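Chemist: These protein sequence lines are chains A and B, in that order. The first sequence: position 73 = 76 (this note's numbering), numbered continuously. The second sequence: position 43 = 61 (this note's numbering), numbered continuously.
Lysine to aspartate or glutamate pairs mimicking EDC-like chemistry, simulated, CA-CA at most 16 Å apart:
1) A/Lys-7 with B/Glu-25
2) A/Lys-8 with B/Glu-25
3) B/Lys-20 with A/Asp-36
Honestly, the hints are just simulated from the structure, not real lab data. What you are looking at is a predicted structure, and each value in this text was computed from that prediction instead of being measured.
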Amino acid sequence: MASKKQLIELTVNGVRREGLAEPRKTLADFLRDDLELTGTHLGCEHGVCGACTVMVNGEAVRSCLMFAVQANGQEIITIEGIATGGKLHPVQEAFWECHGMQCGFCTPGFVMSVYAFLTENPDPKEEEIRPALSGNICRCTGYQNIVNAVRLAAEKMREASAAPVPASIME
Amino acid sequence: MKPAPFEYFAPTSVEETCALLAHYSDDAKILAGGQSLVPLLALRLAQPAVLIDINPVRELDYIQASDAGLSIGARTRHRTLERSPVVREQFPLLSAAVEWVGHPQIRNRGTVGGSLVHADPAAELPALALALDATFTVVDSSGSRRTLKSDEFFVSFLTTALDTGELLREVSFPALPVGSGWSFMEVARRHGDFALVGVAATVTLDNARTCTGAHIALFGVGETTVRSRSTEQALIGQKPDEQVIAVAASEVVNDIHPLSDIHATAAYRKYVARNLVEQALTEAVQRAR
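Produce the entire structure from the sequences given, and follow the hints as far as they go.
Modeler: Dropping the structure here:
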């Protein structure tokens, strides 16, 4: 027996969105199924892999551990919202240039975590990088190129004087 | 896997929360950060009929510091603690430990109260509560309060002294006495994993550098976090040099009863605990001023 659906109104990537969902529907599933933003991935659905990482009110969170009803009235940024006007965000460019991905399944989660990390800590010390990524698992790369991508992304973001919080304009 | 259906409420005050607890009692679980609860729901290890979401209860989100110590509202997120300059200054042991709690995404949602009430024996905050003699303010569904001391709060595996229908409001940490040093050490396979073994220690020395007090709390070593009274007793009244510390650390095996699991054997945990306590005591004594 399902429980009654609730109306959810929220801002995703700068755009007002709404939908109906049972309270037990996770934010991850709501983004993917109801809002058709399938860039956020489901790796484990119990909070260990980080593939579902999105920004909620400026903080990186595991969207599989939040219910969509909890996101009512909040501001969400997903991987779809990181690039602006068709131009890749410096974090995305860095992952590309450093070959920081292979199958790409973990990549949206990593990009969101790195984006959150570098926004708060634009000039990280080397020993701060891996702990900052500890909430994201990759089965392909062995992490070294991901770490390289973080370093390059930090450099790019400092050069560009850090991009403001992006709102995606769908082209 | 997806959680089973539940009824959902999002109160905005402690009063409203208590009214819901009074009404739904056994059928309800409090949802705070959700970093421990939601995985249980997703794996269907728990299927509460009702979830009471206290994220909107802002009155429980605070850090109050005074000369007497620190009071933290139960709904305060780990990340708030991590970023707090006043905590870093007055309670560096808390700042050091909270960086080991899970991962950044977990700390952004997870709460101090949630971690304490969940009472995972491998978690950091329960050990801090023991090491710092925390007191817990609890409110029942009629709104009346009681306080619990740290040594009565953690009962067994994932079990605290909270009764059905009770809500943790606040945890308070008294200021450390003058002449105290601290140390926090954890062994985990990856940073942010549950601890294999961890220790939170405080040591107080008088002007003659004689130990007048010690709190050594271990986690990952049994069904709950535990204080090693044997180690503490071996220190008090002594001047803690290398020899005294080594002997005191060897006493820790009397107080811990670790389990073997897929991550580590009991023997390994005992071995590591002894070494970790020795290192932590050395560091705490060095810091004692």
